[in-house]
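A.B. asks: Take 5 as the starting number for the sequence shown in this note's numbering and just add one per residue.
Don't read these hints as lab results, they were simulated from the structure. All values reported here derive from a predicted model rather than from experimental measurement. A hint or two may mislead.
[What the hints assert, rightly or not] Heads up, simulated DSS-like pairs for lysine-lysine below, C-alpha to C-alpha not over 27 angstroms straight-line:
1. 95 with 188
2. 166 with 236
3. 174 with 89
[Stated by the list, open to error] Derived DEER-like restraints, expressed as beta-carbon distance ranges:
4. 231 with 118: 24 to 34 angstroms
5. 118 with 221: 41 to 51 angstroms
6. 78 with 232: 24 to 34 angstroms
7. 91 with 152: 17 to 27 angstroms
8. 151 with 240: 17 to 27 angstroms
9. 116 with 210: 43 to 53 angstroms
10. 232 with 140: 21 to 31 angstroms
11. 153 with 226: 32 to 42 angstroms
12. 91 with 113: 17 to 27 angstroms
13. 153 with 116: 17 to 27 angstroms
14. 229 with 140: 37 to 47 angstroms
Glycine included, each C-beta is placed from N, C-alpha and C at the ideal position.
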Amino acid sequence: LLDPLVSFEPHVKNLIKTSFFHLRNISRIRQFLSMSNAGCLIHAFITSRLYSCNSLLYGLSNPLLNNLQYVPAKGECVIGIVTAKSGDVFKVDVGGSEQASLSYLAFEGATKRNRPNVQVGDLVYSQFIIANKDMEPELVCIDSSGRANGMGVFGTGGLLFKVSLGLVRKLLVPQSEIVKDLEKIFPFEMVVGMNGRIWVKARSTQQTLIVANILESCENMTAQQRRTLFKKVAQNAL
């Protein structure tokens with residue numbers, strides 16, 4: 005939970021403590037790990053997937069560990085990060101075991117002469133049209149009628165962070181109480197992906213961080229606990 009002063013000191017201290025805990029453990033067990041498992045462990049740590057670090061350190065099997073990663077599903081809309089341009093396609097990190105492809109023609113109004121302005125590092129809100137274990141995942145930024153319908157490159161400024169799929173479902177419910185109540189305190193923009201990624205942007209950097217922290221805190225709260233938290237935040241925001 006946020007502290008009474010709506011600061012981030014407890015969160016920062018806990019994150020630092022957890023990070024050093026994992027660094028010490030990584031150094032202790034490195035000699036006993038295969039190159040593959042060591043790579044998974046380091047990747048989990050540097051991408052802040054500390055729950056994956058816990059799983060590796062305490063001996064979950066590879067199948068169970070893989071289940072912690074997002075598994076693409078056809079039709080789901082996700083937030084991806086463009087990692088490379090490869091010929092006529094972009095490679096996009098969606099948080100799964102492999103990257104997805106996104107054709108430059110899969111944007112509204114795109115042609116061979118009129119290519120979309122997409123750069124490495126850009127965030128894209130897109131939908132899976134191919135997602136099975138035998139084929140490379142493929143994304144598009146248009147619906148069946150060729151319209152963007154809210155998809156495409158986005159995210160100038162703002163903050164991207166990862167939450168559980170349980171919280172994602174709560175936020176995507178029509179007329180979500182969490183979203184409605186939070187908007188009464190801070191006007192903000194939000195994009196939610198079914199891969200557990202959320203992007204938010206409020207009027208200032210401080211408000212953006214507060215919104216992100218509140219959303220993460222809502223995951224395991226009851227409705228009453230959430231209302232109490234929102235009331236405290238609203239009082240401090242006045």
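A.B. asks: When you take the CB atoms of residue 91 and residue 152, is the distance between them in 17 to 27 angstroms?
C.D. replies: 23 angstroms, holds
A.B. asks: Note whether the CB distance of residue 91 and residue 113 lies within 17 to 27 angstroms or breaks it.
C.D. replies: Holds: the Cβ-Cβ distance is about 21 angstroms, inside 17 to 27 angstroms.
A.B. asks: Given the hint that residue 166 pairs with residue 236, does the C-alpha gap stay at or below 27 angstroms?
C.D. replies: 24 angstroms, holds
A.B. asks: Verify the proposed pairing of residue 95 with residue 188, using a straight-line Cα cut of 27 angstroms.
C.D. replies: Violated, at about 38 angstroms.
A.B. asks: Is the distance from the Cβ of residue 118 to the Cβ of residue 221 consistent with 41 to 51 angstroms?
C.D. replies: Since residue 118 and residue 221 have Cβ atoms about 44 angstroms apart, the given range 41 to 51 angstroms holds.
A.B. asks: Just to be sure I understand the hint, the distance between the Cβ atoms of residue 153 and residue 116 should be within 17 to 27 angstroms; is that true here?
C.D. replies: 23 angstroms, holds
A.B. asks: At the C-beta level, are residue 229 and residue 140 separated by a distance inside 37 to 47 angstroms?
C.D. replies: 43 angstroms, holds
A.B. asks: Given a hint of 24 to 34 angstroms, does the C-beta separation of residue 231 and residue 118 actually sit inside it?
C.D. replies: 49 angstroms, violated
A.B. asks: Is the hinted range of 32 to 42 angstroms satisfied by the C-beta distance from residue 153 to residue 226?
C.D. replies: Between residue 153 and residue 226, where Cβ atoms are some 35 angstroms apart, the hint holds.
A.B. asks: Verify the CB-CB distance for residue 232 and residue 140 against the hinted window 21 to 31 angstroms.
C.D. replies: Hint violated: Cβ distance 47 angstroms, outside 21 to 31 angstroms.
A.B. asks: Within 43 to 53 angstroms: is that where the Cβ-Cβ distance between residue 116 and residue 210 falls?
C.D. replies: Since the Cβ atoms of residue 116 and residue 210 sit about 45 angstroms apart, the hinted range of 43 to 53 angstroms holds.
A.B. asks: May I ask you to test the hint 17 to 27 angstroms on the CB atoms belonging to residue 151 and residue 240?
C.D. replies: 42 angstroms, violated
Violated hints for the displayed structure, listed by number in ascending order: 1, 3, 4, 6, 8, 10.
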